[in-house]
Each structure stands twice: as structure tokens, then as C-alpha cells.
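Colleague: The residues making up each chain are set out below.
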Amino acid sequence: MSDPKIEGFELEKGFRGMAKDTGSDQTMFKGVHWGKAMMWIFLLSDTFVFSCFLIAYMKGRASTPAEWPNPSEVFALEAFGVPVPLLLIALMTFVLITSSGTMALAVKYGYERNRKMCGYLILATALGGLTFVGMQAYEWSKLIHEGVRPWENPFGAAQFGSFFFMITGFHGTHVSIGVIFLFIYCYKVFAGHYDEGKRGWFTKMKGDYVEVEILGLYWHFVDLVWVFIFAFFYLW
Amino acid sequence: MHAGIIFFLVILGSVLFHIFTPWYWTDIASNWQGMDDTITLTFWVGGGVFVAVCLFMVYCVFRYSYKEGRKAEYKPEDKKLEKILTWATTLGVAALLAPGLIIWNQYVNVPKNALEVDVMAWQWGWQYRLPGEDGKLGTTKVTNINDENPFGINVDDPFGRDDILVQSDYINLENNKPVKILLRSVDVLHNWYVPQFRSKMDAVPGIVTFYWFEPNKVGEYEVLCAEYCGVGHYAMRGGVEVQSTEDYNKWLSEQETFQDLIAKLEKPEFENKKIVKNNNFILNKDIYKEE
Amino acid sequence: MEETKKKSDQSSTHKIGIYLWIWGLLFVLSFFSYLVDWYQFQGLLRWSLILFFMFLKAGLIMAFFMHLYWERYALVNVLLWPMTAIVCFVALMVAEGKYTLFSRLFYFFVGG
Amino acid sequence: MSDEYENKSSYQAQSSETISGTGSGVSPDIDYVRPAENPEQDLYHAHSFIEKWVFCQDAKVIGVQYFLTAVFTGVVGLILSWLMRLQLGFPGLAGFITAEHYYQFVTMHGMIMVVYFLTALFLGGFGNYLIPLMVGARDMVFPYVNMLSFWMFFVAVAVLMASFFVPGGPTGAGWTLYPPQTILEGTPGHGWGILLMLISLSLFVIGFTMGGLNYMITILQARTRGMTLMRMPLTVWGIFTATVLAMLAFPALLVSSIMMTLDKLLGTSFFMPTILKAGEVLEYGGGSPILFQHLFWFFGHPEVYIVALPAFGIVSDLISVHARKNIFGYRMMVWAIVGIGALSFFVWAHHMYVSGMNPWFGFFFASTTLIIAVPTAMKVYNWILTLWRGNIRINTVMLWCLGFIVTFVNGGITGIFLGNVSVDVPLSDTYFVVAHFHMVMGIAPLMVIMGAIYHWFPLVAGKMLDEKLGKWHFWTTFLGAYSIYFPMHYLGFIGVPRRYYEMYDSPYMTSGVGLNEFISTAAFIVGAAQLILVFNIVKTMKTGKKAEKNPWKANSLEWFTSTVPPEHGNFGERLPVVHRWPYDYNVPGAEEDYLPQTAAPSEVAHTEVEKT
Ligand code: HEA
Ligand code: HEA
Ligand code: CUA
Ligand SMILES: [Cu+2]
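Residue numbers (this note's numbering), protein chains in the order written: chain W, 1 to 236; chain Y, 1 to 291; chain G, 1 to 112; chain Z, 1 to 612.
Hints are computed from structural coordinates only; laboratory data are not their basis. Glycine included, every Cβ here is placed at the ideal spot set by N, Cα and C. Any given hint could be a false lead.
Only part of the chain W face toward chain G is listed, based on derived beta-carbon distances under 8 Å [said to hold, decoys possible]:
#	residue
1	M18
2	T22
3	K30
4	L88
5	T93
6	L105
7	K108
8	Q136
9	A137
10	E139
11	P154
12	L224
13	F228
Just some of the chain G residues that point at chain Y, by a computed CB distance under 10 Å [unchecked claim]:
#	residue
14	W47
15	S103
16	F108
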């Protein structure tokens with residue numbers, strides 16, 4: 001992350017710095033680890049994936065003459081006998097943001113080479129993610145119970161179910177993959193792989209705490225996507 | 001050396017081919033002369049650029065082919081030349097774009113007096129519907145289509161009652177009268193295209209698309225389906241006959257309206273019609289096999 | 001990378017406070033966008049609020065949790081400019097969606 | 001740590017002093033290059049045959065693997081095109097080509113050629129081989145992921161080829177896969193065929209993403225010392241920009257494939273409106289077929305530039321090397337490539353002028369489409385201005401480049417016809433379009449590929465291809481291909497629609513019969529002419545003369561490896577240090593007619609170099 005020092009090269013800030021970095025040799029993103037640059041570019045590509053999903057959803061919803069179900073009712077949950085709109089979704093948002101926060105701290109402690117804190121925080125993040133996936137599973141089964149299917153639903157436009165399952169499913173898959181990796185990284189942190197620079201199982205690359213930051217980027221991205229899904233799918 | 005000559009002959013051949021080709025536009029039979037003119041203009045500009053660029057290349061091949069010891073010029077950049085070329089090209093492109101956009105503007109703005117023709121497409125055939133005396137077409141719906149109501153017209157829509165139904169691949173049009181083609185498909189994409197009219201548009205299931213033209217030559221024309229629609233695509237043809245006003249009115253008066261159809265239905269001796277009943281190329285030719 | 005990384009080590013940790021701050025802000029903003037639904041604001045107000053909170057949240061996550069705020073402009077710009085393509089796509093699809101809906105309502109009839 | 005990892009820490013810190021100018025009396029300062037920012041790359045060396053040739057992590061081997069797999073698919077595509085031409089030129093001659101088969105051939109031909117042949121060949125093949133060499137890296141930055149990328153591609157190809165053998169055959173929906181017909185009865189291969197196609201495409205996208213990340217990061221973050229972006233060969237620029245396009249465009253393909261798969265398997269209605277088939281209403285409703293077209297072309301248009309940009313880049317290098325002259329207007333060339341890449345995301349709906357989309361889009365997309373012609377035109381001008389006042393070797397490589405210019409300008413200008421919305425109306429979906437895109441995509445980039453093969457063969461295999469055979473190969477291919485596609489435009493003018501199995505009963509075609517027969521004959525000859533290349537390669541490998549190092553006297557780094565062909569790690573002990581752009585040919589004052597990128601200013605003190 002922030003400005004490294006490159007010998008024989010004066011780093012400037014702002015757009016002039018950008019022009020200078022771009023025009024310089026060897027690296028364009030000064031001091032950015034290869035893996036981190038790669039994750040960023042991957043996320044950029046993934047952004048386009050989710051954008052395409054959401055654009056398709058928007059176009060689909062805008063052009064059905066059939067009534068679109070009101071998400072605030074569909075996703076309401078009984079609490080103390082009263083239906084509270086979007087309660088579950090609000091809880092899910094809460095959980096995901098919490099896990100995002102713990103992840104951010106894990107990255108910080110990773111850089112400080114604080115193995116314990118880093119490991120526990122990753123663990124917390126993983127558990128948060130797991131909770132989120134669990135809640136999503138609950139939400140899916142509840143809707144399926146109420147008769148919502150990818151091809152139809154009792155509330156209105158059939159596309160509601162299609163887009164709901166597809167978009168949340170795709171997001172959920174991202175979360176699940178993230179959770180798996182979080183557990184793996186948690187193990188690796190506690191086992192000290194990043195302190196000793198132990199080589200990866202497959203890639204044979206030397207381990208380093210920067211990997212925690214790379215995973216963190218992915219995890220925050222999953223959270224970021226949820227922000228958009230929350231706004232467009234649940235609040236629209 | 002001979003490389004240059006062959007390239008030169010290729011360019012020359014292309015130009016000669018264009019001049020003497022027997023294969024060129026079928027004679028236009030609609031108001032879209034502007035499209036042809038824009039094409040001609042593009043041909044002049046584009047063809048000119050093509051010939052110029054290639055001849056310059058041939059010249060370089062002749063003039064600068066390898067000689068031991070010759071020094072090539074060393075000049076990485078020539079800002080001025082590049083600027084001139086950029087602006088010249090931009091101008092050329094703008095000159096082509098402008099007429100194109102003007103004609104497109106005409107294409108999407110249908111004249112008020114145009115006759116609306118509902119063209120309904122399916123795999124693989126066409127049928128047509130014309131507005132009755134009220135000049136308006138009734139609304140429709142795909143799920144309404146059945147043997148009794150082959151066009152899926154809304155029975156409650158007063159505009160639909162007097163609609164004239166043409167259950168055939170052939171349609172007649174009046175000469176010198178603009179028509180607005182409203183395209184509708186019940187299954188997949190199709191495209192109602194008559195090369196002589198130049199204009200075309202896809203028929204998309206789920207929406208109604210449109211375009212317009214004004215036929216201006218009496219005669220018979222072949223309709224081609226110009227959007228891939230499955231194995232029968234190439235055989236999905238139809239026909240248009242452009243007629244003078246009298247002939248057209250005569251033809252029109254012989255056509256059945258939706259009202260007539262309903263009346264016929266109420267009589268028990270009504271003969272059940274199948275939807276896929278036209279003199280369809282595919283069915284005649286036995287090419288389409290049920291899978 | 002070791003060398004460059006070690007160098008970046010020294011300057012890369014931020015005070016914990018900033019993360020906690022952002023964290024808190026995210027909760028508050030999420031709560032606000034939830035309230036938009038709770039109070040059933042409608043129309044333009046609803047949309048501007050939803051979008052406002054959405055972009056604010058997204059911005060905070062990207063800037064601080066993903067460290068974009070501290071990254072050099074070369075990276076930031078590479079990441080943000082491609083979004084113009086998305087914006088263009090969205091804008092056109094809004095128009096397209098409306099057009100489709102218009103066509104359906106105008107030529108077809110619903111129900112029956 | 002075992003010995004399987006190279007431990008190169010000993011020369012990790014090359015300082016500027018150790019490599020700077022050798023005498024010649026000039027202050028060593030002018031040779032100053034900043035110290036290394038990246039540590040020596042940690043390479044995993046293969047131990048067994050399998051690690052060396054099958055699951056290999058060396059980008060060069062992966063490049064060759066990509067190349068061969070792509071050429072295999074290309075040959076399949078070529079054979080399919082023969083079958084199509086057989087039917088079109090001589091209908092009924094081959095009784096086994098039914099309408100179903102014909103449409104399956106068209107579809108597979110189009111898809112294979114665009115995605116599995118050209119994209120994989122340029123980015124996977126040339127990209128893998130050339131990027132690390134040209135930017136002076138030891139390998140791609142993530143060799144393991146790179147290896148996975150190839151195997152993912154391989155599986156995608158296997159799935160695609162499997163679809164020829166499933167019940168119902170491969171999909172026959174046209175390479176654009178427009179719903180609803182793609183997944184409905186009445187289209188060949190609407191069951192297994194389309195599913196395998198969609199799966200294969202998704203795998204391709206995933207595999208490509210892994211490769212693409214490698215290409216991008218290698219170029220952005222792993223260049224050698226002194227290699228600024230503006231000193232990269234245009235080949236790298238072309239491949240790089242194409243990769244960026246792919247990374248941003250393939251998501252749309254992935255999404256549309258997923259949505260279509262769901263429509264097919266789960267009965268969702270993303271793209272499916274209410275449909276009446278054979279008198280029965282299907283269980284679909286409310287979807288929008290045009291949405292698919294938008295998604296597809298949001299991918300599809302950048303895709304055609306994905307195959308064009310690497311060709312642009314490579315041809316620039318070939319022309320410059322063989323004209324012994326610096327590329328004219330390098331900066332403009334770079335900006336043009338980047339500009340074309342950026343603009344290509346704003347023109348997609350020019351494929352949809354007559355699709356029934358919102359008609360007002362026509363104005364927007366016609367304007368953006370024609371704007372793209374300006375940077376493209378600049379590239380064309382710069383190519384011919386590079387020839388001008390050069391010292392042109394008219395060898396096989398140069399011939400392919402000249403052939404490229406002719407066919408590309410021709411196809412580009414027909415693109416201008418199509419881009420101009422109201423001109424597209426009569427021409428859309430006719431053979432004019434087919435002629436346009438074969439000129440500009442089928443033939444032009446193919447010319448570049450061939451030129452590149454003749455150019456880099458000495459590097460890859462260490463032997464020189466036979467010039468005489470090469471010239472025969474060129475002239476048959478060029479003249480043959482030109483006579484296939486030039487007349488084809490005129491079929492479009494007559495009004496012959498594309499994707500027609502046959503139309504001899506139509507009044508338009510009576511005049512076109514002879515033309516069609518001629519086109520088909522030419523197609524057979526051109527296809528067969530490719531055997532000359534195969535023969536040339538076989539012959540050269542057996543008896544060809546050994547290539548000297550840097551046989552073309554080129555400047556770019558790939559010719560300055562420690563061995564020819566380069567070994568794993570590319571550059572031996574020490575990475576090269578770059579002091580200039582790769583186009584210093586015939587520099588005034590220099591002794592040789594070329595100055596390699598590695599030549600330090602102090603070594604060639606008396607030159608008048610304008611740009612370094
Ligand atoms: C490598 C691939 C490639 C490339 C580079 C291009 C380049 C261009 N293409 Fe093409 N195109 C395809 C591949 C490609 N195309 C394919 C595969 C299809 C069909 C897909 C399908 O439906 O199956 C297609 C279809 C297609 C259509 C849709 C036709 C239809 O279906 O109705 C259109 C319409 O706008 C179009 C336009 C253009 C334009 C304007 C360019 C421009 O970029 C060209 C720019 C170049 C030049 C203009 C030449 C050089 C310039 C000069 C010498 C300067 C002077 C010129 C002037 C002043 C005019 N193309
Ligand atoms: C790169 C793309 C590419 C290439 C190279 C080709 C090559 C050819 N194509 Fe292709 N074609 C398409 C892309 C391509 N095509 C696409 C996208 C479509 C649209 C599909 C659709 O409508 O859905 C199409 C459709 C199409 C049609 C229209 C069918 C129809 O609409 O009904 C026809 C008809 O003649 C045709 C003919 C040919 C012929 C004769 C050749 C060739 O035979 C030309 C001559 C051959 C060569 C110049 C040699 C090629 C060499 C190799 C393939 C590899 C060899 C390499 C080594 C040995 C190293 N093609
Ligand atoms: Cu109907 Cu093609
Ligand atoms: Cu395009």
C-alpha cells in the first residue's frame with residue numbers, strides 16, 4: 001500500500017505522480033506486490049461480472065409489464081409477532097460489515113507481523129462469513145418454502161425469482177469461496193507460514209503476509225458487491 | 001519487383017471488377033434512394049482511400065525495395081503530417097456520417113399517413129393484418145393465438161374487430177403509399193426483408209418493432225427472412241405485390257376481417273384451420289423433419 | 001519483492017482508530033439506508049437517498065478498507081476509469097428497458 | 001529449501017556501475033539505469049518429462065501448447081468452412097450436408113475461428129511466448145496459474161469438440177447464439193449441443209482470465225530495467241490492450257452464458273418472452289431477447305478488436321524490422337491502440353441497428369463507430385509511412401505484412417459502410433457483412449499470424465523456414481483469399497442474406513450462381529495451400545539451415561536471449577538492461593543498420609538518436 005521508496009526515483013503524488021509512474025520503467029504500480037496487483041485487476045474484471053448481472057436485472061425488471069413483488073414485504077421477518085421489513089437482510093448486512101471490519105484489522109496486524117492477532121481476526125472474519133452464508137441459506141429455504149422458484153413465484157413477475165436466486169447465488173458463491181480461503185489462511189497464519197516464508201502447496205511461491213492483504217481485498221470486494229445488491233435488489 | 005506488380009494488379013482488378021460487375025444492387029423500388037446514394041458516396045470516398053493507400057504502398061515497394069547499403073530515413077515522428085492526416089480523416093468520416101444520420105432520422109420517424117401493416121412471423125412463415133376502416137390495429141397477445149383467433153387479437157378491443165386478416169405469405173401493398181411495418185413474432189427472431197425496398201428490421205418476440213417505406217414501383221417482390229431463425233430460415237420466404245390504387249382496393253375488398261372470421265366461427269360447419277397452414281416452403285419441401 | 005515489501009512495511013500500517021471509525025460509519029450508513037425502506041420514502045427522494053448511501057458506503061470500503069485512499073494514483077485511475085463503460089451501459093439499458101416496456105404496453109394487452 | 005529453486009540472490013542487485021558503458025571515453029552517467037525494483041524471480045524448474053512438457057510452467061512451452069491447440073481448432077474450423085462452401089457453391093453435391101448440418105457447421109466455424117482459434121492463438125500463443133521475452137522478464141509472474149490457464153483452455157476445447165459427438169450434434173444457433181431460437185426446438189443441437197457450447201465458453205473465460213492476469217501484471221509490473229512502457233515493442237502493446245479488453249469484455253459473455261444456461265436448464269425467462277411453438281404456449285414469459293444481444297455484443301465487439309489489436313501490434317514490428325526503418329509515429333501508434341481499445345466499449349450496438357432495439361441508439365452508435373475509424377486510419381497511415389523511404393526487404397514476412405495492409409484497409413472500409421447506420425440497413429445480415437468480417441478478421445489477422453510464424457520460427461525452433469515455399473504459400477493464400485471475399489461483397493449487394501443453406505430458387509441468385517461456384521473453388525484451393533506451410537515446417541525441421549542468432553537483425557529483446565531457442569529463464573545469468581526503444585534502425589551515425597534495445601548510449605556515442 002502506501003508510498004514505498006524506490007531508489008533513484010522520486011515518487012510524486014497526484015496526477016503528476018501518476019504520469020511519472022506510468023512513464024517509468026519496470027513497474028507502473030510502484031511498490032505494489034505482483035499478487036496484489038493481480039488481485040486488483042481480477043476484482044476489476046469481477047466488477048464487470050456483477051455489473052452485467054445487475055444491469056441485466058435492471059433491464060429485466062424495467063421491462064416486465066407484470067407486477068414486481070415488493071421486496072420489503074417478501075423479505076420481511078416475524079419478530080415478536082410483528083413482521084419487520086427486511087429484517088434478515090439488515091442482519092446479513094450487519095454481519096458482513098462486521099466481518100469486513102475484522103478483516104481490515106487482520107490485514108493491519110498482518111503487516112505488523114502480529115501473528116496471533118492476525119490469525120484470530122481472520123478466524124473471526126471466517127466465522128462472520130460462515131454466518132452470512134448460513135443466513136442466506138435460511139433466506140433461500142424460506143423463500144423456496146413460500147413457493148418462490150427460479151421460474152415462478154406467487155408474488156408477481158417470474159423474473160423476480162430468477163434474478164434473486166441467480167444474483168444472490170453468485171454472490172453467495174463468492175462468499176463461500178472466500179470463507180474457504182479464510183480458513184486456509186487462518187491455518188497458515190497460525191502455523192507461521194508467513195513468518196518463515198514457507199512455500200505454497202501448489203504454486204510453490206514463498207509465503208508472505210501480503211497474501212493476507214490480497215485475501216482481504218477479495219473479502220472487502222464481496223462486501224462491496226453486497227452494498228450494491230442491497231441497494232438495488234432489496235431497497236428498489 | 002514482381003511483388004509490386006502483382007499487388008498493383010490486385011488493386012486494378014478490384015477497381016475493374018467494381019466497374020464492370022454484373023452483380024450489383026437490384027433495382028430500388030422504394031423511397032430509400034437516399035440509402036443508395038449514401039452507399040455510392042461511401043464507395044467514392046472509401047474506394048478512393050483504398051486505392052490511394054494501396055497504390056502508395058505499391059509505390060513504396062517499387063521505389064524502396066532493399067538495396068545493400070542504402071540508408072533508410074530516420075524520422076521517428078512528424079507531428080505536422082500526423083495532424084494533417086488526423087484532421088483529413090476526421091473530416092472524411094464526418095462527411096460520411098452526416099448523410100447517414102439524416103437518413104436514419106427519416107427512417108425512425110414514420111410519416112403520419114403511413115398505413116400500419118402488422119407482419120406476424122413464426123417458424124417458418126408469415127401472415128399479415130391490416131387496419132380496417134378505423135385505421136387502427138387492435139392490440140394482440142401471443143397466448144390468445146389459437147385456431148379460432150390466428151392473430152391473437154384482443155376480442156374486447158374495438159379497434160381489432162374490423163382488422164383485415166391476410167393468412168398467407170403474400171401481401172399486397174398500394175403503390176406510392178407509405179407503409180409502417182409493425183413486426184411481431186410468436187417464437188424466435190425473424191426479419192422481414194425485401195431487397196428492393198432496402199429497409200429491414202428484426203421481428204422480436206415479446207415486443208413490436210417497426211420500420212417504414214414507400215413502395216414506388218408496381219410489381220412482385222420476394223420477401224426473405226433476414227435473421228437466422230432455425231433450420232427453416234433459408235426457406236422462410238414470402239411475397240409482396242405492389243399494386244396501383246384500383247387494383248389494391250379491389251384486392252382489399254376481397255379480404256376477410258376479424259369480424260367475418262368470428263361470424264364464420266359461430267356457424268358449426270366452420271372448417272378448423274391449423275395455424276401452420278400456409279403454403280409454407282418448408283412444409284412443401286419436406287425439409288423440416290420433426291426431431 | 002521482498003525488498004520493496006520491506007520498505008512498504010514501515011509506512012503501511014495505519015492507526016487502528018481510522019479502521020474503527022470507518023467501521024462505525026459503515027454501520028451507521030447501513031442503518032440509514034435501512035431506514036429509507038422503513039419509512040417507505042418513495043420516488044425521487046428514495047432513489048437519491050439509496051444511491052447516496054450506497055455510493056458513500058462503497059467509497060468508504062474502497063478507500064479505507066481496501067486502502068485505495070493510500071494507493072498511488074496510477075493504480076486508482078486504472079481501476080476507476082473502466083467504470084465509464086459500465087456507466088454508459090447502465091444509461092443505455094435504462095433507455096432500452098423503458099422502450100421495451102412501452103412497446104409491450106402499447107401493442108399488447110395484459111390480462112385476459 | 002531444496003535445490004529445485006534457483007537461488008540467484010548473488011546477482012540480485014545489479015547496480016548501474018556493473019553494466020554501464022565500457023570505455024569510449026564518455027561519462028558512464030548517460031548510461032544510468034535505475035536499480036532493480038523487482039527481486040530476481042523465483043523459478044520452479046521442471047524435474048520430469050511431465051513437468052517439462054505437459055504441466056509445464058515455462059511461458060514459452062505454454063505458448064507453444066496454446067499455439068498448437070489453437071491451430072488444431074483452426075484446422076477444424078477450416079474443414080467446416082470447406083463443407084459450408086461445398087454446399088453453397090455446389091448445392092446437393094454432397095448429399096450428407098442437410099440444413100441442420102449446414103447450420104451446425106456455420107456456428108461451430110464462426111465460434112471456433114473467433115474465440116478458440118484467433119483469441120487463443122494471439123493471446124495465449126504469441127502472448128505467452130513473446131511477452132516475457134520482449135519486456136525482459138524471466139517468465140510470467142505467476143507461472144503456476146499460467147499453466148492452469150492453458151489446461152483450462154484445453155478442457156474448454158475438449159468440451160467443444162465433444163459436442164460434435166453428443167446426441168443432436170453441436171449447436172447450430174449461429175455463433176451469436178441469439179435466443180430464443182438457440183435453446184428451442186427447430187434449431188439443431190438445442191439440447192446437448194448448446195449446453196456444451198455454453199459450458200465450454202464459460203471454461204474458456206475462466207481459463208483466459210487466469211492467463212490474462214498474468215499477461216497484464218507481467219507487462220505492468222515485471223519489466224526489466226530501463227523498459228518503460230513507451231519503449232515496449234508494439235507487439236506487446238497490442239497484446240496488452242487486447243488482454244485488457246478481454247478482461248473487461250469476457251465478463252459479459254460469462255454472464256450471458258450463465259443466464260442462458262439457466263434459461264435452458266431451469267426454465268427461467270431471462271431472455272425468453274412468451275412463446276408459441278407448434279400451437280402450444282411454452283412455459284416462458286416476460287424475458288427480453290434483445291437484452292442478450294446487448295450483453296453478447298458488449299462482449300462481442302471488444303472481442304473483434306481482441307483479435308485485431310495483437311495483429312496490429314505484431315504487424316508494426318514486422319514492418320519496421322523488414323523495412324529497416326523505425327516505425328513511423330510510435331507515440332501515435334500507442335495512443336491509437338489504447339484509443340481503439342477504449343472506444344470499442346462504446347460501439348457494441350452497431351451490430352444491432354436492425355435488431356429492434358430503441359431506434360434512437362442508432363445515432364449514438366453510428367457516431368462512436370465512425371470515430372473509431374480515425375485512430376485505425378492513423379495506424380494504417382503509419383504503416384505505409386514506415387515503408388516510405390525505408391529499405392524494404394521483400395521477403396516472405398514482408399509479403400504477409402503487405403497482404404495484411406491491403407486486406408485490412410479493404411475490410412476496414414467496408415466496416416465504415418456498415419457502421420453508418422442507414423447504410424447498414426440494407427446490408428445487414430447479407431453476405432456483405434460476411435465479406436466485411438472475413439476480410440478484416442478472417443484474412444487480415446491470419447496474414448499477420450503467418451508473417452509472425454515466418455518471422456519468429458528461427459527463434460522458436462532455431463531454423464530458418466524456406467523462403468521459396470513461403471512465397472508460394474503467400475501468393476496462393478493471398479490471391480485465393482482475396483478472390484473469395486472481394487466478390488462476396490457483391491452477393492451482399494444483390495441482397496443474398498447470410499446463413500442461407502441454399503437459395504438457388506430465388507430470382508436474385510440466378511445471376512450469382514457462377515460467382516458462388518468460383519468462391520467455393522477458391523476456398524478449397526486456399527485451404528489446401530496451407531499444406532505448403534505444414535510441408536515447409538516439416539522440411540525445415542528435418543533439413544533446414546540452422547538459424548544464426550538474430551537472423552533478421554532485429555532490435556527487440558527476444559533476439560538477445562542467452563541461447564536460441566531461449567531456455568527456461570530466458571536471459572541466462574543476467575537480465576538485459578534497456579536503453580532505447582526497439583525501432584532504432586538506420587540511425588544516422590551508427591555503424592550497423594540497427595541498434596539493439598540493449599545498446600548503451602555510450603557504446604554508440606556518435607549516433608543522432610532522436611528518441612530513446
Ligand atoms: C477483427 C475484426 C474486426 C474489425 C477490426 C472490425 C472493424 C470494424 N467493423 Fe466489423 N465486424 C466484425 C469484425 C471486425 N470488424 C465481425 C466478426 C462482424 C460480424 C459479426 C456477426 O454478425 O457475425 C462485424 C460486423 C460489423 C458490423 C455489423 C454489421 C451487421 O451485422 O449489420 C458493423 C457495423 O457497424 C461493423 C463495423 C466495423 C467498423 C466501423 C470497423 C472499423 O474498426 C474499421 C476501421 C478501419 C478503417 C476505416 C480502414 C482504415 C482507414 C483508412 C484507410 C482511413 C480512411 C477511411 C475513411 C476516411 C473512411 N462490423
Ligand atoms: C477468424 C475467423 C474466420 C476465418 C479464418 C474464417 C475462414 C473462412 N470462412 Fe468464415 N466465418 C467466421 C469467421 C472466420 N471464417 C465467422 C465468425 C462466421 C459467422 C458465423 C455465423 O454466421 O454464425 C463465418 C461464416 C462464414 C460463412 C457464412 C456462412 C453463412 O452465413 O451461411 C462462410 C461462407 O462462405 C465462410 C467461409 C469461410 C471460408 C471459405 C474460410 C477460409 O477457408 C478462408 C481461407 C482459409 C485460410 C486463409 C486458411 C485458414 C488457416 C487456418 C484456419 C489454420 C492453419 C494454420 C496453420 C497451419 C498454422 N465463413
Ligand atoms: Cu425467419 Cu429467419
Ligand atoms: Cu463490431
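Colleague: Give a verdict on every hint.
Modeller: To see whether the hints hold, each was checked on the structure:
A least Cβ separation of about 4 Å between M18 (chain W) and chain G falls short of the 8 Å threshold, and the interface hint therefore holds. Look at T22 (chain W): its Cβ gets to within about 6 Å of chain G, closer than 8 Å, so that hint holds up. The criterion of a C-beta within 8 Å of any C-beta in chain G is met by K30 (chain W), whose closest approach is roughly 6 Å, and the hint holds. The beta carbon of L88 (chain W) comes no nearer than 12 Å to any beta carbon in chain G, farther than 8 Å, and the hint placing it at the interface is violated.
Taking 8 Å as the C-beta cut-off, the interface hint given for T93 (chain W) holds, the closest approach to chain G being about 5 Å. Taking 8 Å as the C-beta contact cut-off toward chain G, the hint placing L105 (chain W) at the interface holds, the least distance being around 6 Å. With a least beta-carbon distance of about 6 Å to chain G, the hint placing K108 (chain W) at the interface is held under the 8 Å criterion. The interface hint given for Q136 (chain W) is broken, as the beta carbon of that residue sits about 17 Å from the closest beta carbon of chain G, more than 8 Å.
This hint is violated: A137 (chain W) has a C-beta 22 Å from the nearest C-beta of chain G, more than the 8 Å allowed. Checking E139 (chain W) against chain G: minimum C-beta separation of about 16 Å lies over 8 Å; hint violated. Interface restraint check: P154 (chain W) against chain G, minimum CB-CB distance 17 Å, threshold 8 Å, status violated. Against a cut-off of 8 Å between C-beta atoms, the interface hint on L224 (chain W) holds, since the closest Cβ of chain G lies about 5 Å away.
Because the beta carbon of F228 (chain W) sits about 7 Å from the nearest beta carbon in chain G, less than 8 Å, this interface hint is met. The closest approach between the C-beta of W47 (chain G) and any C-beta of chain Y is roughly 26 Å, which is over the 10 Å cut-off, so the hint fails. With a least beta-carbon distance of about 4 Å to chain Y, the hint placing S103 (chain G) at the interface is held under the 10 Å criterion. Checking F108 (chain G) against chain Y by beta carbon gives a least distance of about 5 Å; that is within 10 Å, so the hint holds.
Hints 4, 8, 9, 10, 11 and 14 from the earlier list are contradicted by this structure; the remaining hints agree with it.
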